[in-house]
Each structure stands twice: as C-alpha cells, then as structure tokens.
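*Asks:* Chain by chain, the residues run as shown.
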Amino acid sequence: MKLRLSALTPQIALLPTWLIVVFAYVGTVIWSIRISFSSSRMLPEGDFVGLKSYERLFSTQRWVVSVENVAIFGVIFIVGALVLGFFLAVMLDQRIKAESLFRTIFLYPYAMSFVVTGLAWQWILNPSLGLQQMMHNFGWTSFTFDWLARGDRAIYLVAFAGIWQASGLVMAILLAGLRGIDEDLWKAAKIDGIPTWRVYLHIVIPLLGGMFATALVLLAAAVVKVYDLVVAMTGGGPGISTEVPAKFVIDYLFDRQNIALATSASTVMFLAVLFVLGPILYRQYIHNNGRAA
Amino acid sequence: MRLSHHLALLGTALACLATPVQAAEKAEVLHWWTSGSESAAVNEFKKAFNAAGGEWTDAAVAGGGGETARAVGINRIIGGNPTTAMQFNTSQQFYELIDKGLLQTLDDVAAKDNWAKVINPVIYSAVSKNGHVYAAPVNIHSNVWLWFSPAALKKAGVEAPKTWDDLFKDLDALKKAGIIPLAQSGDAWTQNLTFMNVLIGAGGPELYLKIFKDRDVNAIKSPEFKKVADILAKMRDYLDEGMQGRQWNQAISLVITGQAGFNFMGDWAKGEVVVAGKVPGTDVGCIPGLGKSSYWIGGDVFVFPKQKDAGALKAQELLAHVLLSPETQVAFNNKKGSAPVRADVDTSTMDACGKQGVALLGSGAFVPGSDMLVNPDVAGQLNDLAGTFFSDKSKTAADFVDGLAKIVSSQ
Numbered sequence: 000m001k002l003r004l005s006a007l008t009p010q011i012a013l014l015p016t017w018l019i020v021v022f023a024y025v026g027t028v029i030w031s032i033r034i035s036f037s038s039s040r041m042l043p044e045g046d047f048v049g050l051k052s053y054e055r056l057f058s059t060q061r062w063v064v065s066v067e068n069v070a071i072f073g074v075i076f077i078v079g080a081l082v083l084g085f086f087l088a089v090m091l092d093q094r095i096k097a098e099s100l101f102r103t104i105f106l107y108p109y110a111m112s113f114v115v116t117g118l119a120w121q122w123i124l125n126p127s128l129g130l131q132q133m134m135h136n137f138g139w140t141s142f143t144f145d146w147l148a149r150g151d152r153a154i155y156l157v158a159f160a161g162i163w164q165a166s167g168l169v170m171a172i173l174l175a176g177l178r179g180i181d182e183d184l185w186k187a188a189k190i191d192g193i194p195t196w197r198v199y200l201h202i203v204i205p206l207l208g209g210m211f212a213t214a215l216v217l218l219a220a221a222v223v224k225v226y227d228l229v230v231a232m233t234g235g236g237p238g239i240s241t242e243v244p245a246k247f248v249i250d251y252l253f254d255r256q257n258i259a260l261a262t263s264a265s266t267v268m269f270l271a272v273l274f275v276l277g278p279i280l281y282r283q284y285i286h287n288n289g290r291a292a
Numbered sequence: 000m001r002l003s004h005h006l007a008l009l010g011t012a013l014a015c016l017a018t019p020v021q022a023a024e025k026a027e028v029l030h031w032w033t034s035g036s037e038s039a040a041v042n043e044f045k046k047a048f049n050a051a052g053g054e055w056t057d058a059a060v061a062g063g064g065g066e067t068a069r070a071v072g073i074n075r076i077i078g079g080n081p082t083t084a085m086q087f088n089t090s091q092q093f094y095e096l097i098d099k100g101l102l103q104t105l106d107d108v109a110a111k112d113n114w115a116k117v118i119n120p121v122i123y124s125a126v127s128k129n130g131h132v133y134a135a136p137v138n139i140h141s142n143v144w145l146w147f148s149p150a151a152l153k154k155a156g157v158e159a160p161k162t163w164d165d166l167f168k169d170l171d172a173l174k175k176a177g178i179i180p181l182a183q184s185g186d187a188w189t190q191n192l193t194f195m196n197v198l199i200g201a202g203g204p205e206l207y208l209k210i211f212k213d214r215d216v217n218a219i220k221s222p223e224f225k226k227v228a229d230i231l232a233k234m235r236d237y238l239d240e241g242m243q244g245r246q247w248n249q250a251i252s253l254v255i256t257g258q259a260g261f262n263f264m265g266d267w268a269k270g271e272v273v274v275a276g277k278v279p280g281t282d283v284g285c286i287p288g289l290g291k292s293s294y295w296i297g298g299d300v301f302v303f304p305k306q307k308d309a310g311a312l313k314a315q316e317l318l319a320h321v322l323l324s325p326e327t328q329v330a331f332n333n334k335k336g337s338a339p340v341r342a343d344v345d346t347s348t349m350d351a352c353g354k355q356g357v358a359l360l361g362s363g364a365f366v367p368g369s370d371m372l373v374n375p376d377v378a379g380q381l382n383d384l385a386g387t388f389f390s391d392k393s394k395t396a397a398d399f400v401d402g403l404a405k406i407v408s409s410q
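So the sequence lines, in the order shown, correspond to chains A and C. Sequential numbering from 0 applies to the first sequence in numbering that gives the first Met the number 0. Sequential numbering from 0 applies to the second sequence in numbering that gives the first Met the number 0.
Simulated from the structure, these hints should not be mistaken for lab results. Hints should not be assumed to be uniformly reliable.
To be verified - Derived DSS-like pairs: lysine-lysine, alpha-carbon spacing no greater than 30 Å straight-line:
| id | chain 1 | residue 1 | chain 2 | residue 2 |
| --- | --- | --- | --- | --- |
| 1 | C | 209 | C | 354 |
| 2 | C | 175 | C | 225 |
| 3 | C | 405 | A | 51 |
| 4 | C | 392 | C | 233 |
| 5 | C | 212 | A | 51 |
| 6 | C | 128 | A | 51 |
| 7 | C | 394 | A | 51 |
| 8 | C | 291 | C | 220 |
| 9 | A | 51 | C | 209 |
For clarity, every value in this text was computed on a predicted model and none was experimentally measured.
All chains should be modelled from the sequences, with the hints used to inform the complete structure.
*Replies:* Here it is as structure tokens:
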C-alpha cells in the first residue's frame, strides 16, 4: 500500500502538466484540425464540408508562393547559418586573442528579436534610403542593389538577414562541441601528418554530429514559424513575393475572417513539421537513450 | 480592534465600488483610434457621452487597420465578456455576428432619432440587415482620392490633370524634371486603393457596381475594364524604387514636401497635411476620382454586442443616441478628417477637400465602398492581386483581368 502510494505520487504531481498537455496542446491541435473540415468563416462552425478548404488552399496562388518561399528560405537559411556558424566557431577555436570579445559580437545578433533584425536590414537594403543611396551619394551612381524592391529576389535578402541573426547561435553550439574534442586526437593527427582541413572534414565534423543535429532542430523550428522577420522586413511584399505560411495563417485567421482556410493551412504546416522533424527528433531520442543505457 | 479595523476598510472598499454604479451608465468602448488626430476625435465622443450622463471607459487597441482590435473584440464576444460597444469598418466585417444573433438591434433608438431619414442611404443600408438596424455609423471616409503637389507640378511646368491622359502627360513631365512622379506605399492595401481609384475614375461607378455588386464577369472582360487595367499597368512605370517598405503616411508626406507629384490615398491623408501645417486644397491638391468624380463611401461604425446584464442596454442606447447627435457628429468628424453621416448638419467649418466630398454626397454621386460589397476574405484576395500586379512588371493587363475574374466568379 505504502509502496503503491509512493509510486503514485510523481504521477499526481505531474497531473497538472498532463492536463495542460492534453487540453492546451493536443486538444487545441485536434480542435484546429476539426475546424479545417468545416465551413467556418469568422466564427467556428460545427458542420462538415470535407476537404473544401484544402482544395481552395492549394488553388490559392498566395499559399503556393508561401510554400515555395519557406522552402527557399529554409534551405538557404539552414545551410547558410550552419556553414557560417561552423567557420566562426573554427576560427574562434584557434586560440585567438580577445576570443570572448568576438564571441560576444558574433552572438549578439541572436539577442535581438527578428522584428529588430528585419527593420534594421530593411533600412539598410532599401534602395532609396540605404546602401544603394549611400553609394550614389559617394559618387558611384551606377551602383545598383535593389533586390528588396524586386519580387524575384527579395526572399534571398530575408534569408540573408536570418543567417546574420542565427549564425552566432550555431557558432556558440559548435564552439562548445569543438572544445569538447579530445586534444589527443589533434596530436595523433599531427604525428600522422594529416592536413588540418582533413581533420576537420573527416574527424571533427562527424564527432560534432549531435551538436549539428541540435543546431539543425533549432534552425528548422525557426524556419517553420518565420513570421516576424518577414512582417518587419518586407510585409510579405513586394506584392506577395515574400509571403510565408505562418503569415498566411495569421492573415486568414484574423483579418480575412476565414478560419477554416487558416486552420487547413496550419494543419498542412503541422503535418509537414511532423514529416520533416519527426525522424530527426526520433533519431536523437534513440541516440540519447542508447547512450544512457 | 483588528476586526473593526478590517470592517471599516471593507466598508470603504464597498463604498468605492458602489458609487460609480449609481452615478452613470457605464460603457466600455473598444476602438483602434490611437493616432494623434484620431484620439483627439474619439475624445469628442467621450466628452459628449459623459455630459449626457454616461461614463466612458476607453478600450483602445492600437494597429492602423484595426485587425488586432477586431480580433480582441470578437474573442471577447465569443468568450462571453463583450464590451459595451465595439468599432468595425462600415463593411461586411460584422455581418456574421448579426447572423449568429450576437448583436443588439438598435431599432428603438433608430426609430426615435429618425435614422432612416437623416443618415446617408448607403450607410444606412450597410448597418441594417433583415430589416433591423445593428450598428451606429459615425463617419464617412472616402478612400478614392488623388493628391498632388501644386509646387511640384509648377516646377515641372504642368497643370493639375482633368483626365487620365492629362495625368500621364504630367507624370512624364515630372519624371523629366527629376521629381518622383507617383509616390506610393509598398503595402498591398494601398495598391488596392489605387486600383479602386482608377476603376471609379476611368471606368466609372456603373462599371464598378457591375463588377463588385452584381459580380458580373462579363463586365471584367469588357473593353471598358481593359482600359482600366491598361492604365494600371502603365502607372507602374512612374513608381520609384523606394516604394517597397514605405508606409502610406511617408508616401503622402513626399507629396506634401513637393518631392513627389502625385499619390493615391484615402481622405485620412488630410490628417498628415494638417499636421505638417499645410492647408488641404491649396498646398496639397485633391481630386475625388479623376475623370468621373465619385465619392467612394467607407467609414466606421459601432456595434453593440448583446450583454448578460439587462441594465447594459440602457447604456448602449444612450451611447448610440449620443454618437449620432448632430453636435457630436460635427465635433468628431472635424477632428477625424471625415464627413458626418448625417446630411442635416453644418459643414461650413470643413476644409476645401471636405467640402468637395460633401458636395458629391449631396448630389448623389457616391457608391458604396468595396468592403460593403464583398466579405473580408475577398477583400484580402483583391489586396493580393493588386499588390502582385504593382510589384511585378511581368504581369500584363490581361493577367490582371483574369485574376480579378477568378476572384469575382468564385463568389
């Protein structure tokens, strides 16, 4: 009896957490999915119209553009932040002077919100206010850099601003990993006469696998929910050329009063996240448990 | 000792709670008027309501287009804790609340104050549904104005335009003179306003109504509409690179300072003109619909959500009565830069542009704004269409026609 109670105690202590998880997270997810099959506009309806709003979703140009954009943004942002962050970490790992100063500088952008990042880069890249105008004022009048005003290029600048912000975080994670690598490995490699770049490529990077996975998960989550950066930097424009799925959901949920369409879009996002992130998280879970055993 | 002390405190607290209930009809009013001129205007409502024996509690939620404020208000209605009154645009935004039976009818006040007679007919029909009145309209805005800088036009050696051909001649001259010909904002909703401007001015009110009221796809495929789309397409050659990321107030201020020639914007641009110490109509010219002048009616209303407390109805009716009273209408609209919804009030204190608008309203040259004719979903799609067309020159006039036909026919 006594034993049973003590086994029960942690479960009772966890009960509020379980209730929150079940009702606030799982419950609302299920409810959202349910709404996406109804004919709801401003207010939730209880009827069932099948896949109607999904049909409309995929025939809406803005959604198609949003999905393309999040793919472009995602690839450039993740690859860019990982590569740049890795190089910054390697450079800082060369026992340079004033390392903590550089570390702070590189990590600092991450302390800013995406809104600040977006606004600052919007001003810098605005053709009539920022970089281009400055070059014109210096007398280099043939200088053109108007990507922010071009529908076919603006999304790359959004990704660039994202990299600027997030690569410091990747650097910090990988630097911690680099510091954890055994000195003897380096010594052994030196004795064998292996060039430094090969040590990094074939020994260090594989050893940092877990660190890269952590950074990847954090960056991927930022890609899925990217909203504030776009709102602050381009407002989705020029036209609809830098729209992203999260902004589509918010716009239809509130301003455009079509919550069936908004929830069907968020359901698609949810499924996409499950398919992409699920295996990564699962692998990490196995990995961690395996190590613990 | 301690008990009596507590009791005394409790007594004071109760007295504090009880006093205002006896004193006045309380009203919590949710709105999104937070800019300088807007809050000065809403203060006129507050003053009038308090003077009439009410107690105004301000529940302002910032955000230019009011999306945030509407989201808050709707959530409070669904959650069972609605405000006494809540702002909407004069549009279909609140029709679903009516259908769900969540709004109080104002039939009694409307009958007593004779709203059907004194209020502009377009506005009156926008606030009535199924024979009942559901909202108190407070102002009339027109989104369809062309603003110009007489100084910039003079520098370029041209006159204010009378026709669309004139406009393009002026734009060419401005371009040659090194002045931004057409200063626009990069926001999609402003480009939709520009589209409406061209549609009303070049296409005319009949074409506009055929498309958005009758949902006539043949009207979109007509040569008249082709002309509208061609004008829009041509206009893109006169925009400057700084358009992206520019807000509407920055665009109009380029016109105010003479750095740009023209800007398409609603009559709230007047607020910026006045703040800059200039006079609308002389320092900054205004044209309500170039070519076929017409007043494109929009504005704001207050709805009154049904309350659990029966006593709240009295406060709601008092508020509706005060909002529409002639004196409040003039005081509010002079500060807001809009026109009163009543035709029977004194408009002599309005500026030159405002008088042009009132004259159009008086002569019957007006149409309901597109937000009254289409639901917010369609309105959003129109923004996407206009925004894409303005920023992407590879889209042809024919693409624009097809895009609009698709939106209108899907309804």
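*Asks:* Which hints, by number, does the structure contradict?
*Replies:* none
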